[in-house]
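Enquirer: Could you use the hints to bring the two separately framed chains together as a complex?
Protein sequences appear in the order of chains U and W. For what it's worth, the UniProt record's numbering labels the leading residue of the first sequence as 1, then goes sequentially. For what it's worth, the UniProt record's numbering labels the leading residue of the second sequence as 1, then goes sequentially.
No lab work stands behind these hints, which were simulated from the structure alone. Accuracy of the hints is not assured; some may be wrong.
As the list claims (entries may be wrong) - Ranges of calculated distance between the beta carbons of each label pair, as one might list FRET restraints: (1) P119/W <-> R7/U: 48 to 56 Å; (2) E222/U <-> A134/W: 48 to 56 Å; (3) V118/U <-> G129/W: 52 to 60 Å.
Where a beta carbon is used, it is the ideal one built from N, C-alpha and C, also for glycine.
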Amino acid sequence: MTAVTERAVGAPLGRIEGPAKVTGAARYAAEYPVENLAHAWVIQSPVARGTLDGVVVDPTTEDKDLLAVLWHGNAPRLEESDDPELAVLQSARISYRGQALALVVARTPEAARRAAQVIRLEITEEPHDALLTADHPGLYTPEQVNPAFPAVTESGDVAGAFAAAPVTVDVTYRTPALHNNPMEPHATIAVWSGDDLVLYDSNQHPPGVAAAVGAVLGLPAERVHVITEHVGGGFGSKGTARPNAVLAALGARVVGRPVKLVLPRQALFSMVGYRTPTIQRIRLAAERDGTLTAIDHEAVEQTSRLYEFAEQTTVATRHMYAAPHRRTGHRLVRLDVPTPRWMRAPGEAPGMLGLECAMDELAERLGLDPIELRVRNEPRVEPESGVPFSSRHYLDCLREGAERFGWADRDPQPRRRREGAWWVGTGVAGATYPTMAQPSTARVRALPDGRYEVAVAATDIGTGARTILTQIAADELGVGVGRVHVRIGDSTLPMASVAGGSSGSASWGWAVTGACRALRESGSEEAVYDSTEEVQRQEKEGKHAYGAHFAEVRVDADTGEVRVSRLFGMYAVGRVLNPRTARSQFISGMTMGLGMALHEEGVLDPATGDWVNHDLAEYHVPAHADVESIEADWLDERDRAVNPMGSKGIGEIGIVGSPAAIVNAVWHATGVRVRDLPVRLDKLLPHLG
Amino acid sequence: MDLVVNGVEHALDLDPRTTLLDALREHLHLTGAKKGCDHGQCGACTVLLDGRRVNSCLILAISQQGVPVTTVEGLGTEREPHPVQQGFLDHDGFQCGYCTPGQICSAVGMLDEVARGWPSAVTRDGDDGPLDDAEIRERMSGNLCRCGAYANIVPAIAQAAGR
Chain U
1 MTAVTERAVG
11 APLGRIEGPA
21 KVTGAARYAA
31 EYPVENLAHA
41 WVIQSPVARG
51 TLDGVVVDPT
61 TEDKDLLAVL
71 WHGNAPRLEE
81 SDDPELAVLQ
91 SARISYRGQA
101 LALVVARTPE
111 AARRAAQVIR
121 LEITEEPHDA
131 LLTADHPGLY
141 TPEQVNPAFP
151 AVTESGDVAG
161 AFAAAPVTVD
171 VTYRTPALHN
181 NPMEPHATIA
191 VWSGDDLVLY
201 DSNQHPPGVA
211 AAVGAVLGLP
221 AERVHVITEH
231 VGGGFGSKGT
241 ARPNAVLAAL
251 GARVVGRPVK
261 LVLPRQALFS
271 MVGYRTPTIQ
281 RIRLAAERDG
291 TLTAIDHEAV
301 EQTSRLYEFA
311 EQTTVATRHM
321 YAAPHRRTGH
331 RLVRLDVPTP
341 RWMRAPGEAP
351 GMLGLECAMD
361 ELAERLGLDP
371 IELRVRNEPR
381 VEPESGVPFS
391 SRHYLDCLRE
401 GAERFGWADR
411 DPQPRRRREG
421 AWWVGTGVAG
431 ATYPTMAQPS
441 TARVRALPDG
451 RYEVAVAATD
461 IGTGARTILT
471 QIAADELGVG
481 VGRVHVRIGD
491 STLPMASVAG
501 GSSGSASWGW
511 AVTGACRALR
521 ESGSEEAVYD
531 STEEVQRQEK
541 EGKHAYGAHF
551 AEVRVDADTG
561 EVRVSRLFGM
571 YAVGRVLNPR
581 TARSQFISGM
591 TMGLGMALHE
601 EGVLDPATGD
611 WVNHDLAEYH
621 VPAHADVESI
631 EADWLDERDR
641 AVNPMGSKGI
651 GEIGIVGSPA
661 AIVNAVWHAT
671 GVRVRDLPVR
681 LDKLLPHLG
Chain W
1 MDLVVNGVEH
11 ALDLDPRTTL
21 LDALREHLHL
31 TGAKKGCDHG
41 QCGACTVLLD
51 GRRVNSCLIL
61 AISQQGVPVT
71 TVEGLGTERE
81 PHPVQQGFLD
91 HDGFQCGYCT
101 PGQICSAVGM
111 LDEVARGWPS
121 AVTRDGDDGP
131 LDDAEIRERM
141 SGNLCRCGAY
151 ANIVPAIAQA
161 AGR
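So here's chain W without its partners, still in its complex pose (with noise of 0.2 Å):
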């Protein structure tokens, strides 16, 4: 199957039962996506999917071929983060760090749904104004940090959105 991984195509022969979150780990040895529950109920292993985030261990890899997937080793480098990734430094944004490859790449994805204007489900009408912190806990509570680094997470997200 062909797989479009931040940039570069892979032909690769794979189980079809491979989840995309496998053929990144295991095939490509892009380990910045993780594995924290394999059932779509952590976040860690979100990626973005033709700019989308996705959980990547609900994916199957063959089910995908061809489309664009952005992981976090193709938002930016240690010595040129992405805004997100400079925002989760600069707030200490993480403890651990196994969380946080998913919650950057989360972050991109959902920096990108606001600024298409879909609503969350704390969204009032005629909201427009910056996106507050309330919105920001919304959107990413999809991401789990068991080091609870919610409170830094959120004022890194605010910085690289402009905030």
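The following block holds chain U by itself, in its conformation from the complex (with noise of 0.2 Å):
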């Protein structure tokens, strides 16, 4: 192998599959073809608590391509599972609205859908409770939140400190239901052979579908083959089977032909996940120079009766700032509700809201400018668990940001700037994400034609893993990035990590570096790397990337409608392996970050227990008006601590504190605060009188 100079790591090289893309060639998983292909439709569930007694198909409407009604009366058992969603058609009890309770299998797509809407279905309603309120009786307090955090932590003189503080701030912000809302369904196409099962699926995480599917079907792994090649976006709603993988095969195994099943965007709304709606008192204590005595931050949650799921909210407060007082908790309420998951930042994005806005609602309280508030209170280790930081350049971000952002002349006072029917206002507010890698496998081969083929079993939703990897691989090997060429997007390679957490460079990179490394030094056709050992015997560190956002935001003074002007991100996220997929993320963030400020709400209603606005008309995703000046940049950040790139995970940290920037950014142009998301113009509208 002869070296080159030239590093493929850190330039923007152009996606590997963008010209597929472009072109319409690029396949997802329900564009795969199939002979003799049937074509399901599910059935959900109209109520939000009850159980369904029977499923009966009319004689006088039956289509003579229906080819089979799966309902739990005759539907094959499953076996146990640790995701109950995933126990489809197997019990009686309905235990929330939308729920998946009969699958239709025909033999074409009109005629499924068509099945669909003449079956009928015998239900005993029950009274449910899909309200969430911060005093619910049903509260309680979970064993852990996601994904194994404690769930309360204190320490000090938490009341002590309030009782003595001269200067405090007691704020309540609400965060409401989020709905990652991929652009691309959640589909399956299931074909069996023999007691062999092909998913064609899309998921963030092929050999995690493996393993959940085939636990529930009774099948080993290995037996089930997932192939993920292209992934329309998942923002971690794809980050586990859903139930849709286990309803295609069954309908496959009972109607005895390949079968398609691809959920309708309404259905994602309640069957795939979605982010808790969060109640969250936030108090801060501080000395008259703005340093901090105590922060207490505690949020209300919700979650279904079938699953826990307990967002992290408050997890990042718990390292953010220092504080000698502190206290931090969560408390769920089980309601008859879908049961909400991972979207994009759990945790830090509804969490960071909070603390990002009561830290300005304290500026404000002290007249001290809010980056100034953040000086003050930098950590010197992390300050609950006392562990150094890996790496920590949260206030070179906050001052570099600044200076780019041009905020050094900004009048602290608001409502005072009005440009013709524009009241202008900018804030600001800080980023910070878990810097996380995962256990993988990969493999790299030298192929006769002098190319290498990398194996791992990752995916690429969109991040731009499969040129990442490409692109260290290359500069493991000592080879261009045209000698490489990576396959990833299936179970049956070697074992990945969930494309989740921002951790698939990482942690994948990690294995391919091993991999590429194992196969110089062995001189040998075939190397395999499991960095399962080096990943565990990391040294315990706080490794957190960070970065601040700054927001020029438009109040119209007569309509109150909102426009961000400007949106700016500064971040400090170890080595950028590739600055054009890395922007795409960080401007990716951020716009999603802008949607939950001022647009996204999944309203429940309590009194049926349904997504009202459950479509994309209703439920408002940032369109192309939405969106003016979107910009990001980075540090240059050295930390070798976190894995052998020097990388921290850059997927979700634009999503962090974003929305908080905004809403700083809002209050600084009108003088409104408005603590419950998102920012509409009719919360504004009665103060801009």
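Expert: Right under this line is the structure:
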């Protein structure tokens, strides 16, 4: 092998699959041509709680193309699963509105859909409770919060510190239910051959889906082959197997031919997870110079009857700012609602909204610049755990970001800047996201034509993973990127961790690095590397990415319409492996943060337990016209402790703090503190007159 | 029924309830047009019908017999991409890629609307200069991108428009 001087890592290499994606050649789960394919449609519960007593197919409306109607009365029995959501069609119990109750399989999609409309469900409805309140009698403290943090932490004398503090802030911020809404709905084509199952499935973790689906079907994971070449976004909602994969497999088993199930958009609101609404009480106690003496952050959240998911909303507060007395907590209530799950930056996204808006309120109370307030509370080690940070350049992000954004001349008083019909204001908020790596295995082979095949069961959900792994492998092998062929998106490849937790590049890149080094050192044709030992040996340090978000908003003085005229993110995320895809990741998160601040709101009707606005017309995700100037840049940060590449995860940090920067800017523009997201114009209008 | 897609005639025997989108995806295996919502709310299924952009999920295939349909597969190839496709590549105008064919078809149709002098909601009287960013954003707002690539799609289209 000849060494090349030009490094691939750090170069703005275009996406490997880019040409396929822009020409329509890239195949997603529902797009594989399969012979003799049947089509399925899921029937969802029209009630929030009760039992399904029967399913009646009226012979006068029965379609000649109808093949099967499966429900708990006739569906094959499944094995127990860690995830009760995968126990589809097994029980009469209805746990939430929108739960899958029956599956129709027909020769054509039209016939399946029609049959689903005319089939009658016999349901005994029971009274339900679908309303989250801060004082719900059913609130309890979970044993832990996602993924395995303690639910409550406390140190020092919080009550005493608040009693003694000259300045305090005590505010409640609310965030609504948010829906992941990847553009590609969850979809599966299930093909059986004997006891072997092939699933073309849209997900973020092919080996995980193979294991989970295998477990409920009573099959070893290696009999389930999950193919996930391209994924049309996931944002957490495809992180584990969802009911569609099991339903398609069951349907195909029963009708004896391959079955395709694509969830309709409306079903995504209830069947695949969402971010829980949160009610957060944040209390800050400070000296007059801004030094925090106490922080208390508690979140109230919901989960379903079926499954406990506890969003780790206040976990970021445990290490963001110094204060001798501190408490964080989470309380949950089980309601008759769909199961909340991961959505981009679970925990950090809603929690940093509360914390960073409260910090802005404290800065106002103190008459202190919000950046200076943060400077005065910078911890030297992780405040709760006492462990050192592997690297922390939060203040540098604030300072450099302020310089680039033009923060220096800001009038600290709100409602001072008027440009024509618009009140104009600016706001800042911090960002953080944990830096993680998970065990993975990669294989590299020298091919006879001089190229190298790198294989790992990773997925590229739009992050650029395929491209970045190519770059990492090219450098480790000492060849150009053109001689590296990366294979991902297949559960039969060497075991990879989930495309989640902003940990993909770190985890898979670690394994790819190891495999390439092993190949070079051994001089053999093939090498496999499992990173498990090395990952588990990592030093216990506070490993986090940091950033600062700056927003400029304009609020129409007559209508209350809010426009974000500028959104800027400055990040410290270790080594950036590909500046082109990295920038896209940052602005992607910030765009979703803009939606969280201003537009997105899942409205659950407590009377019916249904999402009222369960489609893309009524649940407003940011559109082209909502996005004006969004920019991102980063510091040159070196952190050798995190992984061999020195990279930190970047897929989620853009949604952390960016909503708070916008909300704080709205206050600066108008003098109105909106503590209940999203900032809709009706919340501003009464105060603008 | 007879459908003309990307210049090729197809004789198909379809359920009359089949949408143009399902005809393309399920029967002609032209899966470039995507199904994001099936309700005309996301734009992922955008194709050109006689040169005009439409949501193919809202149109019954049987109603468009003989009308020329252009999908993303008919615009360009990996070797010879259409200028709009090239713009998306040059500006990283996508991440997951699922909305991308719809964005691209929509942009092609939109640029033709501009060339015909059709105004948008943000066009002011006397606007006849180059297509600015506000115009692109307004005219492309029927195409949702959950990955949030808008900030890259706008310069991609501007490049294709020769700006």
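Enquirer: Could you say whether the range 52 to 60 Å given as a hint is met by the Cβ separation of V118/U and G129/W?
Expert: holds, 56 Å
Enquirer: Within 48 to 56 Å: is that where the Cβ-Cβ distance between E222/U and A134/W falls?
Expert: holds, 55 Å
Enquirer: Does the beta carbon distance between P119/W and R7/U stay inside 48 to 56 Å, or does it fall outside?
Expert: holds, 50 Å
In summary, this structure violates none of the numbered hints.
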